[in-house]
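J.: Single-letter residue listing:
Protein chains: 2
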Amino acid sequence: MSVHRLTLGDVLDEHRRGRPRGTAVVDGDVRLTHPELGDRVDRLAVALMAAGVGPGERVLWLGQNSFRVLELLLAAGRLGAVFCPANWRQSADELAHVLTDLTPKVVVWEESEAVEKARGQVPLNARWVRSGEEYESFLTGDGRALPGVVSAEVDDAAPVLALYTAAFDGRPNAALLSHAALVAHSMALLHVRQMEDGFTFLACGPLFHVGTMMFTLATFQLGGTLVFTPAYEPVEVCRLIDAEKCTQAFLFGPMIDGLVQANAGGAYDLSSLRFVSHSPEWDAMITVDDSPWCASKMGGYGQTEVGGMLTFLGLGMGGAGYAGRPSPLVHVRLLDADGTEVAPGEVGEICARGHSLFSGYWNRPELNEAKSRGGWHHTGDLGRREPDGTLTFIGPKLRMIKSANENIYPAEVERALKSHPAVADAAVIGVPDERFGQSPKAVVVLAEGASATAEDVIEHVRGEIASYKKPREVEFTDAIPKRGYTPDYDALDERFGGGAYPGA
Amino acid sequence: MSVHRLTLGDVLDEHRRGRPRGTAVVDGDVRLTHPELGDRVDRLAVALMAAGVGPGERVLWLGQNSFRVLELLLAAGRLGAVFCPANWRQSADELAHVLTDLTPKVVVWEESEAVEKARGQVPLNARWVRSGEEYESFLTGDGRALPGVVSAEVDDAAPVLALYTAAFDGRPNAALLSHAALVAHSMALLHVRQMEDGFTFLACGPLFHVGTMMFTLATFQLGGTLVFTPAYEPVEVCRLIDAEKCTQAFLFGPMIDGLVQANAGGAYDLSSLRFVSHSPEWDAMITVDDSPWCASKMGGYGQTEVGGMLTFLGLGMGGAGYAGRPSPLVHVRLLDADGTEVAPGEVGEICARGHSLFSGYWNRPELNEAKSRGGWHHTGDLGRREPDGTLTFIGPKLRMIKSANENIYPAEVERALKSHPAVADAAVIGVPDERFGQSPKAVVVLAEGASATAEDVIEHVRGEIASYKKPREVEFTDAIPKRGYTPDYDALDERFGGGAYPGA
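Chains as they are written, first to last, in UniProt numbering: chain A, 1 to 504; chain B, 1 to 504.
Wrong hints could be hidden among the right ones.
[Claimed, not checked] Under the rule of at most 35 Å between Cα atoms (straight-line distance), these lysine-lysine pairs were calculated in the DSBU-like manner:
1) A:105 to A:245
2) B:245 to A:297
3) B:297 to A:245
4) A:418 to A:482
5) A:297 to B:482
6) B:117 to B:418
Hints in this document: simulated from the structure, not taken from any laboratory.
The structure presented is a predicted model; accordingly, all values stated were derived computationally and were not measured.
One chain only, chain A, in its complex shape:
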């Protein structure tokens, strides 16, 4: 056993000793101290092992936010296994892709038609455990005596968390993050957010997304308190901030406006929240925080593959580049297509090395080789170094649409469009949208002799992928202009009103 090892389980075991009375998690009626959480994780690890989960095996969560997401992550970590909280709002077809790709040994799920449909589609040698009573019974061995403790020798370089992201070829890939990467990213957040003893985080964004997950893990690393709520609901979020004296929550623009509206009468005391300045009404309700993270309004550049944030505006405040400077545990190069560093002022691909980087995608050996060529992780995003050394994010190397803070990859929507029998070819661009920043617009070529309305096509996409990715508008045309095999997005933007892309 290396004297340098630090797994998530080691962190948990430290908190059991160092914070025996501290509240680790709050979720509805559930309230657990660190030792209570530790005991449940130990039992859960034994139950998972008994269900066939060994080193490298996968455990899947299909449900809303829950403290069980943290329990399952930590229990999988005890076994050297990988835990994946997946987007349960996906279509049955998308969920079936996740099941087929990940082949989990245990699936913990909440009631959903799409989940049940996907389960029927994919024959899996897996134990399905319904969240709630069945989960509690599973955790205690279903009444059977289970072996006492798991004592696997887990290396902290082993992957422990898988998050689906990056639909390069139209299908998402699961980014694998190791214990060491998650711990390193948490340290960067502790530093930039100046998280202190007693930090309480309200996980009101989706836990299958790195944005909420990264602060959940940093709070865990610190030994703070995690408050879970199934999903963002403004009045309930206000109530929880007041009741649990939350220090931070997963919030941005429109979500903050929702809270201001929900708390217009001042029914809830939100002053425990030390957060980002947003509007006079908001600033009067909370305590505006001056940590580099809050003062920079959470600016920076990140992606799931780097554990969350790669650069922080708070580490380059007042600089020319909006993405600031890298986390102290990574380093960044801007490389051209040949792997040569570009000069300051020139645009190159943002490439990175360091402690918080992922361990590749699950089950994608060729993609992994390409993404890590030359010993640098290639983010697939473009950046520029300003004369003062700070970084600016330019945009994805391929296109990406950002709508209501969700990433939409044109390739993924195009794939769904093209699966409609009447569609011969399709491309998707982002058009400026007052409410969501951008919204996706489809440009469609119909098959000879076929016919379909815009409504038909949109409805078809809604059945294929998450609803928020569906085009809001459809324009029919004779041919998609191309650059090689991919659509000529610049030409499409010019002709069909595209714009407002992230980083532009």
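Assemble the complex: chain A is given as a structure, and chain B must be docked to it using the hints.
T.: This is chain B only, laid out in the frame that chain A set:
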């Protein structure tokens, strides 16, 4: 090359790009930007390589504080070599031990009689470079053309810094710290000290000691500015804080009093210093800082072998234990002699694992095996976990007394003795006991003008710790013989009848 690697050289290369205009070091007339520092380090690495320094070889510094200490550390790191800044104020005999033990390939030195004498005593196949002009000439290849760049593939688990410490057998040992350990320890300091962009550290304590070195390295990690001064000189320290707008300096109690005195007239503006509250005069001169590090008055527990600090009071403020809680990158157990964890409230050896731990002592395979048995680093110090989970440092585990099969650590009993108001100093030894094997005996120095009987003192100890640990006998004396800060137990045994120690 691992995509996760982060050596000190990688950090330097990041700063060259990310902070092209930032001041990296100030030392007298020398003032270098990050790119200038980087260029000098590159040249120095080539010069060291040409002088025979390869992976694993040692480079020794014998001199006062200088920016060259940082340059040599970074250049050695480029080569996978180890840099050691040694205490140049040692005697010729002590310096000869360092030379013999470390067998460096290059020694950079400042004028000193002891150094010259030691050099004469130890025949070494080493290049001796006098700091100053000779060093500058060495750095530029002494006029000869040197190969361009060093491109060694250095693993960040490779040791890069050696600091002499821990004279277990009367001779100090060099603790080896890897790139990864130094980076991890720096991250903990960035977090607890809440170091922000623009941090400027004045290295006015000795760089051969981990206390000054750890903040030097954290400032380097952050890309802040390092101000070097040869040694602590109150007026010069005040001048530098004012001139360079230093954010922090290496200072504690008596050093702070010296600055208050030196700046009594208010000649220097020290308000840039964000530091620990100390006295009304001091607090009026500086900006009192509320970061966990400063608010806790730099409390905690540390040693060179853990990279500096293992625990921080600032991570357990208001807790019962004066040492607070561990750094987020380590975990701690209190173990008995058999490696079993002791219960909360019991005294055990402080043992640790985690990212900032050292890689063993140079050239001490047997000691290393003993210190890392069971996969835990054994600090050689005693601690206790309080009911709230925080930690208390009890004292060094120099001796153990075995009485009626119970382990009794003198440091714990001494601590209880010294909490009696009439006791100025105390030491505890084990004396042979027919019935119990050994029994504890106290040697006590009373405070001036105070009086107490043996019974008083024993009764007091009984109220503080477990009854079996109380001394059976008390002898009063004028002074406790010392070795450094700790009692000279051998002398005490001889004078007061100690013996029958376990394993003796």
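J.: Let me make sure I understand: some of the numbered hints might not hold for this structure. Which ones are they, in numerical order?
T.: 1, 5, 6
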